[in-house]
Amino acid sequence: MNAEETILKLNKKFPALEAVSPRHMRVYTAFTDPKSFEEALYYANEKLGYHKGKHIVGTDEGADIGISYILSNDDNVLLVLRERVPKSAPNVRSMGELYPSLVLHERELVDLFGVHVSGLPEGPRYPLPDCWPEGQYPLRKEWNPAYFNKQTMTYEPPKEDDAK
Amino acid sequence: MSPHDKNKVVVPIGPQHPSLKEPGSFKITLDGEKVERAVVEVGYNHRGIEKACESRNYMQALYIIERVCGICSHAHTSCFCQAFEELAGLEVPRRAHYIRGIVGELERLHSHLLWLGVAAHEIGFDTLFMYTWRDRELVLDLLARIGGNRVNYGVNTYGGVRRDLEPELMQDILLVCDHLEEKLKYYADLAMTETTLIARLKGIGVLTAEDVQKYSAVGPVARAAGIMADTRIIEPYGVYKEIAVTPITDDHCDVYGRTLVRVKEMLEAIRLIRLFVSEIPAGPISVRAPRKLPAGESLSRVEAPRGENVHYIRSTGADMPDRVRVRAPTEANWHGMSHMLEGFQLADVPIIIAAIDPCYSCTDRAIHLVGDGVNQLTDWEQIRLMGIEQYKARGIDPSAIKIREF
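Chains as they are written, first to last, in the working numbering: chain S, 172 to 335; chain B, 3 to 408.
Keep in mind that the hints were calculated from the coordinates and are not lab data.
Where a beta carbon is used, it is the ideal one built from N, C-alpha and C, also for glycine.
Treat each hint with caution, since some may be false.
What the hints assert, rightly or not - So these bits of chain S aren't anywhere near chain B, every CB distance computed over 12 Å:
id, residue
1, M172
2, I178
3, F185
4, T203
5, E209
6, P257
7, V263
8, V274
9, L275
Said to hold, decoys possible - List of simulated lysine-lysine pairs, DSS-like, C-alpha gap at most 25 Å:
id, chain 1, residue 1, chain 2, residue 2
10, S, K321, B, K266
11, B, K216, S, K180
12, S, K258, B, K53
13, B, K216, S, K218
14, S, K183, S, K206
15, B, K294, S, K312
16, B, K204, B, K266
17, S, K330, B, K53
18, S, K312, B, K216
19, B, K216, B, K243
Unchecked claim - Just the calculated beta-carbon pair ranges, DEER-fashion:
id, chain 1, residue 1, chain 2, residue 2, range
20, S, N315, B, G397, 45 to 53 Å
21, S, T323, B, A246, 50 to 58 Å
22, B, P249, S, Q322, 25 to 33 Å
23, B, R136, S, N262, 41 to 49 Å
24, B, A297, S, P329, 28 to 36 Å
25, S, T323, B, L177, 55 to 63 Å
Make the full structure from the sequences, and use the hints.
Written as structure tokens, this is what we have:
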């Protein structure tokens, strides 16, 4: 299935996705809520033949975390399906059962963005070291590497009083 | 726990790597000599490259991206430049595409030669290891003449390339190709006829076509299972839009198949380099690139020696990227690793791991940490001082030796 057919089918079934193809062999969709995203993901897998999980891109969307799943089919079209969850409660479900190749990328979401991925198979964390401090998520925009003390492995942003 | 389970042994291998000079940890559960379960732990090389790119301008980010990998640095910058050029709407000159192609195929040659040597070493065939690494030096010398460096050649820039190829250099490239072709034909013959090598590699580390689809394996690992996963063919870019790559696959689905694919790919790389050199058009090698990119996003892919590279850039219209994501081929190939190891012998573990040609730096895209105490990593100077103390304890004082400053 090529990009144009993918867009037609996706937009017919899930108009909120607003799928577009800005270039050959690429389909991008808009951010959606986790429930709609899951429905679209299963539809893409089962009905549209996107059975290869390529990778996941986490993005900082201000108050939310954006998660873009990049899938591919036998025609090698890259489909970007996205969901967004609030930073205050970034809960998503693991898609590892459907796409075993995305488990490592989901672990990255946990370590680098602080997303809670339920249903992740047991295994070592990735990619941060075991001694990495709890609650520090380096790819969130508010996380500044200049405040990370490499000697003590602690994150020490200036206090408000210091800033004044 | 059943009585049978009591006989099982968990062998922690690594992070000192069983086959390469890079860190990775493998927890291998053994039933006798047979691998029953394997848990792969990577991340020891995480350097925070993506975060570093987000706080630097695009030109600075390109130099960081060049250092994602020491072996396939050109593949990473090609992929990143492509993503940038798509967003900027740049038309890269044809000559630049050809130069990118020549350097890319030279890089494939040196990467595969390196791999063949490592694989030979893992199975105790050190003569082949010496031969291939000797031959690889010829390619590295050429790359050093092109870019001034054996690795991280710095050829790519946004809108084209930074280095032109003089006719004399191109003649030397052809001479090296002639020399290498002869050697590679011998290695191909060796791979197909040498009984010890075949017996050691055949039937181990199996990943079938169905497994490749399930775990989304890429590069020679996928092609050795009969899947035509080569970005140069499935989504031609740059010079590959003009000069087609001959598909190379194999149906052994094992370490032997991966060896055959890589050896044949080196011969194909030589064919491509000759074509690129003979067809290279005259003209400019770059166009002026903007400092800022318009808001948008781009997903680019190229075929690195180890497989498909995927780079993502998101721009907000500033002079630095809002988000950079690098998915290197090794990151894709880890997912099938446990499956490849399970059911085989402990002695096969190093060569099975080596057979995906893993690159940990690529996978981890690495925050460099130094310090003391429990939670720390050690830097080079600390390692040197520790070494001096150890020697002193043995009655030798090397502290007067001056380290050459570069």
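### Message
Please check whether the beta-carbon of T203 of chain S is more than 12 Å away from every beta-carbon in chain B.
### Response
Holds, since 17 Å exceeds 12 Å.
### Message
Tell me if the straight-line CA distance from K204 of chain B to K266 of chain B falls inside 25 Å.
### Response
Roughly 17 Å between the alpha carbons, so the hint for K204 of chain B and K266 of chain B holds.
### Query
Holds or violated: is the Cβ of E209 of chain S farther than 12 Å from all Cβ atoms of chain B?
holds (20 Å)
### Message
Just to be careful, I want the Cα atoms of K294 of chain B and K312 of chain S compared with a cutoff of 25 Å; is the pair within it?
### Response
Judged against 25 Å, a Cα distance of about 20 Å means the pair holds.
### Assertion that F185 of chain S lies outside the chain B interface [Cβ separation over 12 Å]
The claim stands: F185 of chain S keeps its Cβ more than 12 Å from every Cβ of chain B (closest is about 20 Å).
### Query
Closest CB-CB distance from I178 of chain S to chain B, is it above 12 Å?
holds (16 Å)
### chain B versus P257 of chain S - minimum CB to CB distance exceeding 12 Å, so not interface
Correct as stated: the minimum Cβ-Cβ distance to chain B is 19 Å, above 12 Å.
### Query
Straight-line Cα separation of K216 of chain B and K180 of chain S no greater than 25 Å?
holds (24 Å)
### Whether the CB-CB distance between R136 of chain B and N262 of chain S falls inside 41 to 49 Å
violated (56 Å)
### Query
Does the hinted range 55 to 63 Å hold for T323 of chain S and L177 of chain B at CB?
holds (56 Å)
### Message
With the threshold set at 25 Å, check whether the alpha-carbon distance from K258 of chain S to K53 of chain B stays at or below it.
### Response
holds (18 Å)
### Task
Test the statement that M172 of chain S is away from the interface with chain B: the closest C-beta pair must be farther apart than 12 Å.
Given that every Cβ of chain B is farther than 12 Å from that of M172 of chain S, nearest at about 15 Å, it holds.
When each numbered hint is compared with the structure, violations occur for hints 8, 9, 10, 18, 19, 22, 23.
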